[in-house]
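Got chain A; can you put chains B, C and D with the ligands on it based on the hints?
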Amino acid sequence: MHVKVTVNLKPGILDPQGQAVAESLSRLGYGEVRGVRIGKVVDIDLDESDRARARARVAEMCERLIANGVIETFSIELLEA
Amino acid sequence: MHVKVTVNLKPGILDPQGQAVAESLSRLGYGEVRGVRIGKVVDIDLDESDRARARARVAEMCERLIANGVIETFSIELLEA
Amino acid sequence: MKVDEKLALAHGLTSGEYASLCEGLGRVPTYAELGMASVMWSEHCSYKSSRPHLATLPSDGERVVVGPGENAGAVDIGDGQVAVFKMESHNHPSFIEPVQGAATGVGGICRDVFTMGARPIAIADCLRFGPPESARTRYLVSGVVNGIGGYGNSFGVPTIAGDVAFDESYAGNILVNAFCLGVARRDRIFLGAASGAGNPILYVGARTGRDGIHGATMASAEFSEDAEAKRPNVQVGDPFMEKLLLEACLELMTTDVLVGIQDMGAAGLTSSAVEMAARAGSGVDMNLDRVPVREAGMTAYELLLSESQERMLMVVARGREEEALAVFEKWDLAAAVIGEVTTSGRVVVRMGGVIEADMPAALLADGPRVVRPSSRPAGIDAVHGEEAGAIGGAPEPTAALIELLSCPDIASKAWVFRQYDHEVRHGTVIRPGEADAGVVRVLSPDGTREKALAVTAGCPQRYVALDPYEGSRLAVCEAVANLAAVGAEPIGVTDCLNFGNPEKPEIMWQLVESVRGLGDACRALGVPVVSGNVSLYNESNGSSIAPTPMLAMVGLVADASRATTLGFGAAGQVIAIIGALSGNLAGSAYQQRFARRNFGRLTAFDYAQHGPALKVVRGLIEAGSLASAHDISDGGLAVAMAESAIAGSIGASIELPARGSAAELLFGEGPARFVISFAPVHEQTIRAQCERLGVDLYVCGHTGGSSLSIHVGDGEVICTDIATLADGWRGGFGRAIGQS
Amino acid sequence: MLTFGVVRFPGSNCDDDALYAVAKVLAPAGMTGKMIWHKERTLGGVDALILPGGFSYGDYLRAGAMAAHSPIMAAVKDFARGGGPVLGICNGFQILCEAGLLEGALVRNASLRFECADIWVRVEGRPTPFSHAIPAGRILSMAVAHGAGRYVHDDVDRLEGEGRVVFRYVTADGDVTEVANPNGSQSNIAGVTNAAGNVVGLMPHPERACEAVLGGGSEDGRLLFLSALAQVNGTPARVG
Ligand SMILES: Nc1ncnc2c1ncn2[C@@H]1O[C@H](COP(=O)(O)OP(=O)(O)O)[C@@H](O)[C@H]1O
Ligand SMILES: [Mg+2]
Chain A
1 MHVKVTVNLK
11 PGILDPQGQA
21 VAESLSRLGY
31 GEVRGVRIGK
41 VVDIDLDESD
51 RARARARVAE
61 MCERLIANGV
71 IETFSIELLE
81 A
Chain B
82 MHVKVTVNLK
92 PGILDPQGQA
102 VAESLSRLGY
112 GEVRGVRIGK
122 VVDIDLDESD
132 RARARARVAE
142 MCERLIANGV
152 IETFSIELLE
162 A
Chain C
163 MKVDEKLALA
173 HGLTSGEYAS
183 LCEGLGRVPT
193 YAELGMASVM
203 WSEHCSYKSS
213 RPHLATLPSD
223 GERVVVGPGE
233 NAGAVDIGDG
243 QVAVFKMESH
253 NHPSFIEPVQ
263 GAATGVGGIC
273 RDVFTMGARP
283 IAIADCLRFG
293 PPESARTRYL
303 VSGVVNGIGG
313 YGNSFGVPTI
323 AGDVAFDESY
333 AGNILVNAFC
343 LGVARRDRIF
353 LGAASGAGNP
363 ILYVGARTGR
373 DGIHGATMAS
383 AEFSEDAEAK
393 RPNVQVGDPF
403 MEKLLLEACL
413 ELMTTDVLVG
423 IQDMGAAGLT
433 SSAVEMAARA
443 GSGVDMNLDR
453 VPVREAGMTA
463 YELLLSESQE
473 RMLMVVARGR
483 EEEALAVFEK
493 WDLAAAVIGE
503 VTTSGRVVVR
513 MGGVIEADMP
523 AALLADGPRV
533 VRPSSRPAGI
543 DAVHGEEAGA
553 IGGAPEPTAA
563 LIELLSCPDI
573 ASKAWVFRQY
583 DHEVRHGTVI
593 RPGEADAGVV
603 RVLSPDGTRE
613 KALAVTAGCP
623 QRYVALDPYE
633 GSRLAVCEAV
643 ANLAAVGAEP
653 IGVTDCLNFG
663 NPEKPEIMWQ
673 LVESVRGLGD
683 ACRALGVPVV
693 SGNVSLYNES
703 NGSSIAPTPM
713 LAMVGLVADA
723 SRATTLGFGA
733 AGQVIAIIGA
743 LSGNLAGSAY
753 QQRFARRNFG
763 RLTAFDYAQH
773 GPALKVVRGL
783 IEAGSLASAH
793 DISDGGLAVA
803 MAESAIAGSI
813 GASIELPARG
823 SAAELLFGEG
833 PARFVISFAP
843 VHEQTIRAQC
853 ERLGVDLYVC
863 GHTGGSSLSI
873 HVGDGEVICT
883 DIATLADGWR
893 GGFGRAIGQS
Chain D
903 MLTFGVVRFP
913 GSNCDDDALY
923 AVAKVLAPAG
933 MTGKMIWHKE
943 RTLGGVDALI
953 LPGGFSYGDY
963 LRAGAMAAHS
973 PIMAAVKDFA
983 RGGGPVLGIC
993 NGFQILCEAG
1003 LLEGALVRNA
1013 SLRFECADIW
1023 VRVEGRPTPF
1033 SHAIPAGRIL
1043 SMAVAHGAGR
1053 YVHDDVDRLE
1063 GEGRVVFRYV
1073 TADGDVTEVA
1083 NPNGSQSNIA
1093 GVTNAAGNVV
1103 GLMPHPERAC
1113 EAVLGGGSED
1123 GRLLFLSALA
1133 QVNGTPARVG
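Protein chains in written order, with the numbering used here: chain A, 1 to 81; chain B, 82 to 162; chain C, 163 to 902; chain D, 903 to 1142.
It should be emphasised that the hints constitute simulated quantities derived from the structure, not laboratory data. One or more hints might be untrue.
Unchecked claim - Pairs of lysine-lysine, BS3-like flavour, derived with a Cα cap of 27 Å: (1) C/Lys613 with C/Lys777; (2) B/Lys85 with A/Lys10; (3) A/Lys40 with B/Lys121.
For reference, chain A alone in the conformation it holds in the complex:
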């Protein structure tokens, strides 16, 4: 099974990278850009076919390693193989 984890900075946490990209885009003529926030997407190829178990295991991986709970949140999406 493929699992896609999206890791984002918690709201309120400064995202200097997103800020710089937003400013660059607006300098490039994309005045409609109101804000940018940048996160990570972690694609995991999992040897597991049970959806519930896959989700539970990946959630645990996120808490332990993939996301930094102090400043980040994560969301999990199960994709078919």
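For chains B, C and D with the ligands alone, coordinates are given in the frame of chain A:
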């Protein structure tokens, strides 16, 4: 409108960060992890309500700045406000 | 929100402090005022426990231009230039979030330095962690190093020195102390004073978010859970923003537009505004509606207490604000006039047409003072009375040497400093690891002279833990010795005093004794303390860290090209020891390693006895007589000898007289001792110099071959090839933390 | 006489270093230089350009990505298309790749760590303004300091075939090994040139290797600048 851009390394490009995460996960006991690849997710808050126009503009931003076609691919997802 | 004593207590004020606040104001404070007072009167901002003791430190000297009390100290280095430096702790934030905590620590200290008009030219980092084998420690080490490098590398200042050690006592409370050195023109130093009634106050840099707003209030009723979620307790550093701020500030400082400037650090806008007004004896009137914000709907309380990074508060000459704004525009920085200087002596804050705060600046700036009882711990005399002799079960000397070289406190820290750009700004003469101090070139303004500044940073916390007074004196002596070993004259020191909970008399005793020791040694050695920082309450689960007065000392090298490293040079050089031949095992790394604790009586620092050795080494380097110099510290003579051999990739044959125990001779430690090497032609001069100043010199061998051989009397006690030693020393750190 | 223009982007931090190397250290050899602000649209009379190291725009998103869109870049591209010598050092190399003036891309080091260390590179490939006067095969000692220096290209064979790899990481003895490679670059590539051979990018810092008093003591970095001088002067010189 909110637009979510996902940027991934092209398949042929080595992703040492993904590899390191995969190894750490397997050391932590997640033997079911077969592979990990890490990409970026760029959330854009756009002052634009027309979906087609939003998509076209963001595609252009990606080609010009957000992704580097030499090493990366991107995909665009329009989310509602 | 109703303000009462209960709310004040929740803000960390005592009943007495709340009463004096009400009395000082002549009324009950507003909510914003309570927040302002609570941060200004916190230990962190007010130094209420330590101030009377800090006042005893020597802070004047011929070279001192700006002493403690400003954003950083400034010391004259000739050619119309000053060295500006300071050290600061970021312990707690780094434990919560190592990357950002360490990064913002570096950012904060660099701002303190360029606020004064100095361009930063060097960073140093002093780190303490728990046991290296713990997973938590490993995570923290990687994160902290990543954070320091990530910030300094991008900001573009070389990290040239530092210190890393591990000890159980830091497991739940790591230390991350960052130091920054800058150079300014003596006649263009900028201070944090809001002078000149009518002058506009400018806010420059990052927009304000709800970062790091004082913790006590998080649980208070005013905020819904939603609002709390919006208040991150981690501040993220933006080195790019800081680089823009640096360049813009330095550009503005070439004009006469700027009157006063202060970075917004701890306690944010509140402390900058209050301190600037208090220093000038003026007042400030600010309108928060004009503050550039990152998020909508922020309250006055939040705007006043936010600790968002990379922000500056400035006072500019009236009518010249457009010139200032043009510079910030050039550098794409947000800037706004948010108020003006008054003569009222009060800090007045308005928002949405309402006066949110109106308080005397002096009331907030002076802060409370507390006299904390201190008491000498029972049992310390017994520990000092123990015999620090040979240790049963310790390995034989060669094995002990290899083990010491590989332990992470002594092993090469290259794993760390390879992650730091130590060469940016084309000034680094001696890089980290190459000598006892990092050295960075300073060009005279006319470009004709190349002098240099040397930086050593660290703390022998084993000594301080054993005996805070003597240990602190030894710490000063070791810093001077580290500078001497590169040929630098000490010109000033900054400190960061990391201690446990001062409300415990035994901890307070450590602090008092340590400060007394630092003061005595600095006075004896003629080194002024020009800036510093105190970090208290370093404890977890009720147990305190080892007392750790971190020192960063700066030295002047008259001719950059003369600075000397610690590696032996070519074959056939003479090797000698300066200072006492034998050392003391009390408090030594050897004792720590093999007896697993420290005991006994430290060798006391004695200026009459130890001062001359420090002078002689510097003099010999200035005269160009030495090929290498290395002070004998952690691990004693054998470790120093091995380090010089490894660095030079050359062997050495050493013969020592049988004096005292072999362990004391090889691994004992003590003040003002050096391993030097020199070409045979210099031997006469060196002998004469040492004799003239009454310094012990013992010629003990020569360089050559590919192994280290040490004889004591007739017996060879250490014999091993340099490659083996090098492998232990080079790889020891990475192995200890489970990284290659 | 050779006048270098050093382009200063927001976040450049080796701009002063580069200018100092050419305009101060190498002034006696006949060089000078000036800083060019990224918001300018013209270069003003310069003979050669340096895009210096640093963290332009914080290296956010991708190293060099945002600087590649700076106003000055149009003029840089014109200069390069006209055959003007352009040297990108470290972040400057990354910017040149992002701007499409050089092929390939520079991605995160294989070690995932920033690496600041002394390295050696071998001079090879077709002649460029910054290498033609250095004897082929000469090994230069310099330092690297970067977190994203791993060079990737989808057709290294073609690049090699066209002689466009001009600096390659080697050991002090000249061996192309993994140990010599600080970042995991394909084929140990440290520097490349464009098809026309006038634009060069490399990750190591020649401007930091111009004075014996500094760091590792190497002065090998001078050779790149002296080579450019020789080209502009039209003297069939050999340096190093
Ligand atoms: N965290 C660090 N960052 C940079 N340099 C460091 C760091 N830790 C140690 N070093 C460098 O490694 C060398 C050895 O450090 P240390 O053993 O603490 O020296 P000393 O005992 O002479 O003070 C010194 O050059 C020191 O500056
Ligand atoms: Mg030392």
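Evaluated hints:
1. C/Lys613 with C/Lys777: 19 Å, holds
2. B/Lys85 with A/Lys10: Roughly 16 Å between the alpha carbons, so the hint for lysine 85 of chain B and lysine 10 of chain A holds.
3. A/Lys40 with B/Lys121: 4 Å, holds
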